[in-house]
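Novice: Go by the hints and put chain B onto chain A.
Quick mapping for you: the protein sequence lines, in order, are chains A and B.
At position 268 of the first sequence (counting the first as 1) the number is 268 in the working numbering, and the numbers step up by one without a gap.
At position 93 of the second sequence (counting the first as 1) the number is 93 in the working numbering, and the numbers step up by one without a gap.
Treat the hints as calculated values from the structure; they're not laboratory data.
For clarity, every value in this text was computed on a predicted model and none was experimentally measured.
Note that the Cβ used here is the ideal one computed from N, Cα and C, for glycine as well.
Errors might be hidden in some of the hints.
[Said to hold, decoys possible] To be clear about the criterion: a stretch of chain A counts as covered by chain B if any three or more of its residues have a C-beta under 8 Å from a C-beta of chain B, and this derived list gives those stretches:
# : segment
1 : 86–98
2 : 117–127
3 : 449–463
4 : 476–482
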Amino acid sequence: MASSVDPAAIPAAAADDELPWRRLSPLTLLLAVVRLGPQSVRMIPALAAIGIAGSWTYVVPAMVLFLLISLGFSWLAWARFRWRIGDDAIVIESGIWDRQHRTIPFDRIQDVSIEQGLIGRALDLAKVGFETGAATEGDDGDGGLDSISMDDAAMLRTTIRGWRALPTAAPANDGVAAAAPADADSDALLFHMTPRQLLVAGLFNFSLAALAVVGAASQWFDDLLPFEVFDPRDWMDLARQTGVDSWVDAHRWVAGFGAVAALLLVGFATGIVRTTVTNWDFRLSLGPRAFRRQRGLTTRTDVAIPLARIQAAIVATGFIRCRWGWHELRVQSLASDGQEERDHQLVPFAQLADIDAVLAPTGLSRPPEGLEWHVPPIMAQAWGGLLFAALASIGGAGALALGHWPGVAGLVLGGAALAVTAINIGKHRWADDGAVLYIWRGWFLPRLTILPFAHVQSADVQTGPVLRRLGCVAVTLGVPGDSNLASHGIDAVPVAQAFALRQRLLAMRTRRA
Amino acid sequence: MMEIAQSELPHPVPVAAESLLEPGLHPVDPAYVAVLRIVTLLNGVPLAIGATAADQLAICAVEGPVWLLTVAAWLLVVLAVTLLPSRRYARMGYALGADELRVARGYVFRTDTIVPFVRVQHIDVGQGPVERRYGLSHLVVHTSGTHNSTVTLPGLPSEQAAMMRDAIRQHIRSDFA
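Bound-form chain A, shown alone (with noise of 0.2 Å):
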């Protein structure tokens, strides 16, 4: 660490008394009362419970109390809670009874939000809050200040841009997110997908979606129909009165056959409709320092992904379709954009020489030829689904020596579960080139997550009962933004090999703040 700080300066940061605590603006009781408006609605039932019981005299007394008990509250939550401006931090202290000591350095601060409802412009009230990239700040509701005065709040927004205007050497990739709206002319188109590209992907989407979609109208227009649709003996009815079930018996070859192929076409069809509607005329495109994303034929999105903000890349597959060479590449960005999709899909569907030219500009790549992949023991992988087999298997034998036929089902089940543990086996594994880990995990949807060490922010080794007996600890790994296909993690690492690998990782930490 190249700390040019002087060892002394330690204690005196403790006591950097430079500005006096500061309280949140008196009025702030003000907003309290309008804010109980809402939740004296949570009341009503109480109160009406009493008037029911038939003490109406006691209602507006009970009204009373409760609007007293919630102000106390307010004032007391009000009267503990105090903030400052430290030297290099903002220190916010509160709770009622938990008391909690906060403190924010200006270094972490992203961006200072200034937030004025309606009365609160009425009172010269503004509600502050500081974007830290920590994920907690917002839903305990303490990570800002709620409220100040306009005059304090612009000045604490001064103060901090302020700082982060002194220190030269603070990274320049905070800018990024600016640059997005360049003209979409200038930027170099890296991958689009044509209508045969589509129509490869959407057969690959096979999906039996629309049988549950149809399903659940079918629950809406019940009364509509003249038949049950799930009631076979309706469909028996309906095929004996137009002479269908003779027919069936008489081509039962023929039948089958034609209902199987009904339900690969609606497999396909849906794919394929899916995977048009979601993927038209996709367009990536990458900007002086974003990635672009245009896509969708009902809904048209265009998403900036700013190069900076991406933490990690996932390389996922099918395991039909990578016979094919056909992956989808997604990166797990900073920003993610709303709550629906958490990572960024870059591509859908490409073959590898594609997802390649998207990957260099990020500067990760795919593994090299010749890491040494590390494979967790066998036992590690396989403890669980052996478990279950045995566990289904023994259940199944034993009711089938009951004399109870279903049994059959527990020994299936079993006998699947080993199977499928079997498979597993070896296709959890990682590499490791002293700068990026790689993980590759899944069969069915095997996958590759690409993790530069730079972006791990903290690092967990567990261990548990089984994992102890084969000398083992699973790696877990925190990484910022979010993706449900990434895992950032590895299951089961003998001991000494895990602890290695931390250090590696975590020596990386200078290279990035």
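Specialist: Frame of chain A; chain B shown alone:
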């Protein structure tokens, strides 16, 4: 520089005899056992009372085996209050390294976490009512990310928690240099 800071930390606890930590880890304050005990008691007794009520009312109504649930619930509470706290204490350890914080906890499922100071986004020092009685606090370190983004180290004497916070904070400050 952090070695100096570390030596400044009051180490009030001579490594307890029953401590089962790997070398390099410090135990937390022994008063943490009492805190755990009281907190478990405060949480467990209402649950046990609830279980008893459910047992006496619901199980009675369906003429199931009465008392089974009651006895089990109270036994669990007694075990959780008497045996578990000292075990949890014995396995809870931390190390304030030159540029990282290490927290290890648990035995049956043991977790050992390292957070580099450089990665810390903000820091909390919290104190509940029970902790206050024993002069303890807990330190919470927040990193960005969704998994594992908060790391909590309980059972620290308050002034030590504050010193650790300041030590980590110094690092965040010097990080951009």
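Novice: Next, verify each hint and record whether it holds.
Specialist: Each hint, compared with the structure:
1. 86–98: It holds: at least three residues are needed, and the segment 86–98 of chain A offers 5 whose Cβ sits within less than 8 Å of chain B.
2. 117–127: The restraint on the segment 117–127 of chain A is violated, since only 0 of its residues have a Cβ under 8 Å from chain B and three are required.
3. 449–463: Three-residue rule met by the segment 449–463 of chain A, so holds; n is 7.
4. 476–482: holds (count 7)
Checked against the numbered hints above, the structure breaks only hint 2 and satisfies the rest.
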